[in-house]
Amino acid sequence: SAVISQKPSRDICQRGTSLTIQCQVDSQVTMMFWYRQQPGQSLTLIATANQGSEATYESGFVIDKFPISRPNLTFSTLTVSNMSPEDSSIYLCSVGDGLLGNQPQHFGDGTRLSIL
Amino acid sequence: QKEVEQDPGPLSVPEGAIVSLNCTYSNSAFQYFMWYRQYSRKGPELLMYTYSSGNKEDGRFTAQVDKSSKYISLFIRDSQPSDSATYLCAMKDNYGQNFVFGPGTRLSVLP
Chain A
-6 SAVISQKPSR DICQRGTSLT IQCQVDSQVT MMFWYRQQPG QSLTLIATAN
44 QGSEATYESG FVIDKFPISR PNLTFSTLTV SNMSPEDSSI YLCSVGDGLL
94 GNQPQHFGDG TRLSIL
Chain B
101 QKEVEQDPGP LSVPEGAIVS LNCTYSNSAF QYFMWYRQYS RKGPELLMYT
151 YSSGNKEDGR FTAQVDKSSK YISLFIRDSQ PSDSATYLCA MKDNYGQNFV
201 FGPGTRLSVL P
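Chains as they are written, first to last, in the working numbering: chain A, -6 to 109; chain B, 101 to 211.
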């Protein structure tokens, strides 16, 4: 099964700054997913990233706020731009390996982000 | 009404107890049903998945789907302290366009 490394594991940032989260997978995958997890709430899909094409964003999430890169089949980044306290959350990278038909199956351990 | 609902807990049980975790949903198009386990400060890991109705067993875990009631369950037999985690249900339709997680139930198994 795929092993996902996510960096940083946590960070505390100032309002108005940006942070880039990295996701590295130990095998080639077609689709990578970026989720947000807030306490007591469901995992919310931010966007789906395919290599070689623009990321597909879910309703309520826009590219200017959450730009995503997917330069190859094992790596992706999510940037949280112009951060505000409402962006404080856990951000998770996920991949599928075919068992669920390219749906999120394996997750990184997340990036805990706090905005002051 | 939320698309997938799950009692957030926390649910505390003594070691050895049988645990029942449940989700209800509203979208009758859901056909695939998943359970993930998430330890504190870790990402979710897929425990089990089932297609359509019926039961599926894997060791101490049994997943049950009742599509007529739009109700799914995860049973844990002989629960262990190592089972203490948050359990998330998830479901999707046949086309994979709609993949939804429940908010999770926090379980504590007390030694």
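Hints are computed from structural coordinates only; laboratory data are not their basis. Some hints could be false.
Said to hold, decoys possible - Here are the simulated DSSO-like pairs of lysine-lysine, each with C-alpha atoms no more than 27 Å apart in a straight line:
1) K142/B x K156/B
2) K58/A x K156/B
3) K142/B x K0/A
4) K58/A x K0/A
As the list claims (entries may be wrong) - With the C-beta cut set under 10 Å, the calculated list includes, among others, these residues of chain A facing chain B:
5) T23
6) L36
7) Y50
8) S52
9) G103
Stated by the list, open to error - Covered stretches of chain B (chain A as the covering partner; in silico rule of three or more C-beta atoms under 8 Å from a C-beta of chain A):
10) 140 to 152
11) 200 to 206
Heads up, the beta-carbon is just placed ideally off N, CA and C, and yes, glycines get one too.
Here's how the hints hold up against the structure:
Under the criterion of a C-alpha separation no larger than 27 Å, the hint pairing K142/B with K156/B is consistent with the structure, at around 26 Å. Pair hint K58/A plus K156/B does not hold up; C-alpha atoms about 42 Å apart against a cutoff of 27 Å. With a C-alpha separation of about 13 Å, the suggested pairing of K142/B with K0/A holds against the 27 Å cut-off. Among the hinted pairs, K58/A with K0/A is consistent with the structure: their alpha-carbon atoms are about 19 Å apart, no more than 27 Å.
The beta carbon of T23/A is not positioned within 10 Å of any beta carbon in chain B (closest approach about 13 Å), and the interface hint is therefore violated. The beta carbon of L36/A comes within 4 Å of a beta carbon in chain B, closer than 10 Å, and the hint placing it at the interface holds. The closest approach between the C-beta of Y50/A and any C-beta of chain B is roughly 15 Å, which is over the 10 Å cut-off, so the hint fails. Evaluation of the S52/A hint against chain B yields a violated restraint, the C-beta minimum of about 12 Å exceeding 10 Å.
Against a cut-off of 10 Å between C-beta atoms, the interface hint on G103/A holds, since the closest Cβ of chain B lies about 6 Å away. Only residues whose beta carbon comes within less than 8 Å of a beta carbon in chain A count, and the stretch 140 to 152 of chain B has 7; three or more means the coverage holds. Coverage of the stretch 200 to 206 of chain B by chain A holds. Counting CB-CB distances below 8 Å, 5 residues qualify, and the rule asks for three or more.
Hints 2, 5, 7, 8 from the earlier list are contradicted by this structure; the remaining hints agree with it.
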